[in-house]
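Mind docking these for me? Both chains are given alone in their own frames, and the hints should help you get the complex.
Residue numbers (the working numbering), protein chains in the order written: chain A, 1 to 404; chain B, 1 to 125.
Treat the hints with care, since some could be wrong.
What the hints assert, rightly or not - Listed below are several chain B residues computed to face chain A (Cβ distance under 8 Å; list not exhaustive):
hint : residue
1    : Tyr3
2    : Tyr11
3    : Pro14
4    : Arg15
5    : Val32
6    : Ala34
7    : Pro35
8    : Asp39
9    : Val40
10   : Thr60
11   : Cys63
12   : Gly64
13   : Ile67
Claimed, not checked - Covered stretches of chain A (in silico footprint by chain B; criterion: 3 or more residues with CB under 8 Å from a CB of chain B, positions within the stretch not fixed):
hint : region
14   : 303-309
15   : 337-351
16   : 385-398
Derived from the structure by calculation, the hints contain no laboratory data.
A virtual CB, placed ideally from N, CA and C, is assigned to each residue, including glycine.
The lines below spell out each chain.
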Amino acid sequence: MKLPLYLDYSATTPVDPRVAKLMCDCLTQEGNFGNPASRSHLYGWQAEEAVETARRQVADLINADPREIVWTSGATESDNLAIKGVAHFYHKKGKHIITSKIEHKAVLDTCRQLEREGFEVTYLDPDSDGLISPAMVQDAMREDTILVSLMHVNNEIGVVTDIAAIGEITRAAKVLFHVDAAQSAGKIAIDTEAMKVDLMSFSAHKVYGPKGIGALYVRRKPRVRLEAQMHGGGHERGMRSGTLATHQIVGMGAAFAIAKEEMDSEHTRLMSLRQRLWDGVKDMEEVYLNGSHEQRVSGNANISFNFVEGESLLMSLRELAVSSGSACTSASLEPSYVLRALGMSDELAHSSIRFSMGRFTTEAEVDQAIEQVRKAVTKLRELSPLWDMYKDGVDLNSVQWAAH
Amino acid sequence: MAYSEQVIDHYENPRNVGKMDEADAQVGTGMVGAPACGDVMRLQIKVSDEGVIEDAKFKTYGCGSAIASSSLVTEWMKGMTLDEAGDIRNAKISEELALPPVKIHCSVLAEDAIKAAIDDYKSKQ
Numbered sequence: 001m002k003l004p005l006y007l008d009y010s011a012t013t014p015v016d017p018r019v020a021k022l023m024c025d026c027l028t029q030e031g032n033f034g035n036p037a038s039r040s041h042l043y044g045w046q047a048e049e050a051v052e053t054a055r056r057q058v059a060d061l062i063n064a065d066p067r068e069i070v071w072t073s074g075a076t077e078s079d080n081l082a083i084k085g086v087a088h089f090y091h092k093k094g095k096h097i098i099t100s101k102i103e104h105k106a107v108l109d110t111c112r113q114l115e116r117e118g119f120e121v122t123y124l125d126p127d128s129d130g131l132i133s134p135a136m137v138q139d140a141m142r143e144d145t146i147l148v149s150l151m152h153v154n155n156e157i158g159v160v161t162d163i164a165a166i167g168e169i170t171r172a173a174k175v176l177f178h179v180d181a182a183q184s185a186g187k188i189a190i191d192t193e194a195m196k197v198d199l200m201s202f203s204a205h206k207v208y209g210p211k212g213i214g215a216l217y218v219r220r221k222p223r224v225r226l227e228a229q230m231h232g233g234g235h236e237r238g239m240r241s242g243t244l245a246t247h248q249i250v251g252m253g254a255a256f257a258i259a260k261e262e263m264d265s266e267h268t269r270l271m272s273l274r275q276r277l278w279d280g281v282k283d284m285e286e287v288y289l290n291g292s293h294e295q296r297v298s299g300n301a302n303i304s305f306n307f308v309e310g311e312s313l314l315m316s317l318r319e320l321a322v323s324s325g326s327a328c329t330s331a332s333l334e335p336s337y338v339l340r341a342l343g344m345s346d347e348l349a350h351s352s353i354r355f356s357m358g359r360f361t362t363e364a365e366v367d368q369a370i371e372q373v374r375k376a377v378t379k380l381r382e383l384s385p386l387w388d389m390y391k392d393g394v395d396l397n398s399v400q401w402a403a404h
Numbered sequence: 001m002a003y004s005e006q007v008i009d010h011y012e013n014p015r016n017v018g019k020m021d022e023a024d025a026q027v028g029t030g031m032v033g034a035p036a037c038g039d040v041m042r043l044q045i046k047v048s049d050e051g052v053i054e055d056a057k058f059k060t061y062g063c064g065s066a067i068a069s070s071s072l073v074t075e076w077m078k079g080m081t082l083d084e085a086g087d088i089r090n091a092k093i094s095e096e097l098a099l100p101p102v103k104i105h106c107s108v109l110a111e112d113a114i115k116a117a118i119d120d121y122k123s124k125q
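For reference, chain B alone in the conformation it holds in the complex (with noise of 0.2 Å):
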């Protein structure tokens, strides 16, 4: 199948790609889809006592239409309030990458990603 300009680039040059301590309570961390599916994302986030996000990194396992939406939004999201970051829809997402229809489960997991970053990072507050 044919990948948008938007996708190589990600997938050629992912944005954020790494890991920052779980543990930390100025990161959260957002695991979502399950290897069965072809698809898991993990999405970190480190929020400021200001509550912006200063930083982002993501590692993702699926297709390059997965690894193109995590990169995408650890770039949308640095200098974000968490409500702006929580505001991020999966249609932005794919209009932005131009997915195809059998690529939308993508963006919805990256929003997911997104949402479960954030819970994890508020029931750490």
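So here's chain A without its partners, still in its complex pose (with noise of 0.2 Å):
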């Protein structure tokens, strides 16, 4: 087993050695080199086909054309090319955007961004679950409404947004309705036609392809328009100038290609270690699962260890790769936005660790994560006053602290 085991699959995840292999072969010059826009020779020829190969895979995967498929340098600049782009497109139809509190911070900054020059943001506040209805959508939808921006998979805590239900509220509003998709494709169906989304963003790095390479799906019919945020040669439509990665592009349509055949048998597989391990704990008093049990991405367990500390957590899980919900490294001393955007208490919201799985995650090492998170756990409480208290029968929320 390799240490620390590595439980951070929604953070990144590594390439599939069948993609990694590919896009070896589009860097030497024995290998498919050439510029994709070279229009002159063979080597241009041969690249260009590997994009375009590579741009039906990611079309493929969710149901598009592959002229909606527009290459980028992953999910944070889709997403910046997706809202600034229809931002400063439309900005005559009107300037308020709906989005929400838990969104990714490429989109929550970029709507900082857009207020900044004028435009009037709405974030949506989930429920206790992390859900965003299409009630609340549709009850912050306005006259001069022109865009919705929301996640389709929470990155913290893996609740799954009811897009279908959304984009109908959108598409009958003319509004255009934009995704993030960055957590959900290749872990769940989409669908864009069905699901009447108008813009989605990808990246190929959480889906067992390379870093720096990602795309944002425009559509064709409505016709999405987009002001472009990168000027140049006209690549991408003119949407999204910059000379192809050949290699990144291979490898991201190889992944996405390799994901829609896998991702049912992945799934169940997914499912059951995130129920082992969640069965593996859930035993030990005040351990919560954050975030919606249903309606969640199957490799995903955010869960509170109430009155531990997440990063001291984490110092005893050294031989476990995961992430805190903490912020107590950051000068803040804020932890996690997201959660508390569930309504969660700041001390449960400093206590939880995020377990992510995926493809090469195996029974063993769920096991061991157990094990040592149980261990860590007890070991941390003994050190812990709340516990004491807790355990005294001390209402945590009557006494007066100091805050500092």
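Now the structure itself:
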């Protein structure tokens, strides 16, 4: 077993060896190294063919037309292009945008920037399960709303938004709908037609492809227009200039093709691994699975171990590569904004760990994780004055704390 | 982030973990911090009739640096007079543990805990 055990697949995934092999074939002189935009020779044509094959592979996973796929450097760029691109193109129609408080920073910070430019943004509060309901979106709609931007699967708690139901609302109101699908692609079925989305962001490295490449789905019918953010040679129908990185694109295409083939079996396997992990810890006192238990992606378990601080827990779990909802390392001392948006108390948010499992996670690894977590939580609770107080029946909310 | 050897040592083998009877007139208890901020320290001292700290115990909810800071000061305080303990400054704690700038607040909290425990003891006399 390779240590530390990697249980952070929501942060990134290793490139599938089958994908890496194909990428390597697009680099050296012997390989497919040409510029896909070169129209005058075989090297260019071959590279273009590889890029177009990959475009089709990405489109196939999400039931889209290959001409609706725009290559970008990753989901962050896709989010920026979608949101700023729509805002800047349609600002005469209206200046109101709807998003939620639990979006990725790539969406939230982009919206903040647009607010500085004079746009108005509504940030929806999720319910305590972390879900944004179609009714919440409906209620926030205004005459001047031009865009709704929501994530399909939340990166921290793994909850799944009902995209199709929200798509019905936005389409009926003729409002554009952007979905960040970085955490859902390859994990749950995506059908851009059935879901009625207009723009969708993707990343390769969450799906066993390489870092540094992503895509934006831009609907053709009804047509969505964007103002380009990157100007230059007019690549990607003018929406995103810059020489295409053949090896990266081939990697993303191959990764998405594998995901399409293996998604169902992987989903079943990961569901059982997640259940195994949760069953292994849930009998401890004051342990909570954060976010909806039902509307949730298979590989994610975000768990709070009350009365134990997340960072010290991570320190005890040095043999596990997981991430914490606590932000004690940052100067702000603020715990995860996502967990707080669920209405969770700060101390519970400080006590959370995100376990995310993936293609190469084994049962033995999960068992190992359970053993280590139980040991660490028990040890740290013995050190915790809050645990003492809880055991003595003290209501922690009744205590006058000196915030610092 | 990387922790210093000193922090890891105190974290792995915390000294003087425990709880004393708060009602005991010889015991001073200082509890500082807040769960919402991610750290709470409870530091207790047992003081002899001569004003010397005979024993010190702590429990801390917080990051490794917070645990190490409180563990370290319990070691230091044993055998000190109240005045000597009251002179322990956070800079000395952070220096001993080689705390990085983002963790200085942990040493500040430990200094506050010492002061609170001494105040509590004095108020009982």
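Taking each numbered hint in turn, which are not upheld by the structure, reported in ascending numerical order? 4
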